[in-house]
Amino acid sequence: MAHALRDKAAISGIGETAYTRGTTKSGLALQLEASLKAIDDAGLSPRDIDGVVPYFPGGGIAEDFIANLGLPDLAVSAFVPMGGASCVAALQMAAMAVATGVCRNVLISVGRTGYSGARVSTRLQQFPQFALAAEFEAPIGMFAPAQLYAQGARRHMELYGTTTRQFAEVAVVTRRHAILNGNVVMNKPLTVEEHHASRMIADPFRLYDCSLESDGGAAVVVSASDRARDLRQRLVTISGVAEGHPESPASIAQRPDLLEFGLAKAAPRAFGMAGVGPKDIDVAEIYDCFTFTVINQLELLGFCKKGEGGPFVMDGRIALGGELPINTHGGLLSQGHVVGLNHVVELTRQLRHAAGKAQVKDAELGLVTGYGDMGDGSVAILRRAA
Amino acid sequence: MSTVSAATPPVPERPLPTPTRDSQPYWDGLREGRLMLQHCAGCGKVRHYPRPVCPHCFSMESQWRQAPLDGRIHSWTVCHHPFNFFFKSTTPYTIALVDMAAGVRINAPLRGMAESALKIGAPVRLAFEPVSKDVTLPYFVPG
Ligand SMILES: [Zn+2]
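From first to last, the protein sequence lines are chains G and V. The letter at position 303 of the first sequence is residue 303 when you use this note's numbering, and the numbering goes up by one with no holes. Throughout, this note's numbering is defined as the position within the second sequence, counted from one, plus 1000.
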């Protein structure tokens, strides 16, 4: 029997601001700007929103949405505090809310001043979920995700022979896709040589292995599929969705396997709910906080075997026209970092066949991941409805 | 520069741990030059970082025992970008993640080993660096 939630909810609206480095706008203003665009894209009025799942921490709260959007009767206000896995996991929460009739239209939104506001190492120590990192890792000089995840990347290289040339391929292909997009922070071509020459951040991660600290906002509206069918846009349903949490969730260092995280648990559930497998996916938006995390996630998702993610990304396979085009908008590495909600926006655009020069031909089934905190994972499989 | 001018940036403070009721014995141990680890009083399993409940048998009782200082490298990173200006003068520095003989992992700076010598399984030994009256931090040396 099909999963009770399969295809019952849809992404009815998408919105994003300009992605920049430098803004005078507040994070909340960016979040609301993207929200208004997403609501309008759906053909809805702000008055139709009765559920909000903003990014936390740092996002607006129920009061902000009621006051700014004049929400007349907010029925659900929730946070999904999973760092970069929050936005895709929020799709699961929103889908449950609209499929059960608790809500009609749920707004998921992010606004962020990651460049002009507090930078990453400052933000990290303010989060309750990073209390252990602040106590045990910051004092020895480990602050930022780049450092914390570098040890996993190094181990993958040592165990499986993964190379920085393979890391570079992810960065270079992503940049090529970004240039097709237009609304991106990084709009100049990137070569493998430039990647290799970029300064070392936390070995083995160089500058171009790391996602951008940028300013911007993104939002999506989730509605029940039967209602969304009558709205403005082509119906794109949430076919499968799941979140997963790793063992030793707050500390990578204490995890039995540094390379096994929440996505490993979420992926089989999302594929099972959708009733499809990796081979059915036409386009994927993979949370690219680092080049290597893309490689690792492709393994955990089952696109290739464990340890084979490095070779998998080579030979044009992940580029437009390849077997599994990924990060067709430029991702967090080149477009901008709004905690991955831009990945959801892009996948929806792909499945509406509205992705412009980056359109994957005849895309019908797509996958998007979130990856956050110290290894929480989330994944959604979206479908272009017939 | 011998005089402090208004343009001199303040010396960045070293980030220090704030021990909790659960972790205080670990930090007390380091200050005394010992690696103290939390062992479950119910099933005997060792755990790190410190926490109130054993995830295996759910006992809330535990004992702190002194652990041996030797271990082997599980992985490492060489930090070039400091992320906190306190560490700027010491970059690049290596942080090794070490499988301790006691059965937990410890992340700490590794000193005295060339980058070319770093490899999974290389033996190292925990050492102690007092950084304030109250706080001693761990680091590794070749073992
Ligand atoms: Zn126990």
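The set of hints was computed from the structure by calculation and includes no laboratory data. Remember, predicted model here, so these are calculated numbers, not experimental data. There may be inaccurate statements among the hints.
What the hints assert, rightly or not - The calculated lysine-lysine pairs, modelled on DSBU-like cross-linking and capped at a C-alpha distance of 35 Å, are:
1) G:Lys-188 - V:Lys-1088
2) G:Lys-357 - G:Lys-279
3) V:Lys-1045 - G:Lys-305
4) G:Lys-37 - G:Lys-25
5) V:Lys-1133 - G:Lys-306
For each hint, the structure was consulted:
| no. | hint | result |
| --- | --- | --- |
| 1 | G:Lys-188 - V:Lys-1088 | holds (30 Å) |
| 2 | G:Lys-357 - G:Lys-279 | holds (24 Å) |
| 3 | V:Lys-1045 - G:Lys-305 | holds (33 Å) |
| 4 | G:Lys-37 - G:Lys-25 | holds (16 Å) |
| 5 | V:Lys-1133 - G:Lys-306 | violated (47 Å) |
In this structure, the one hint that does not hold is number 5.
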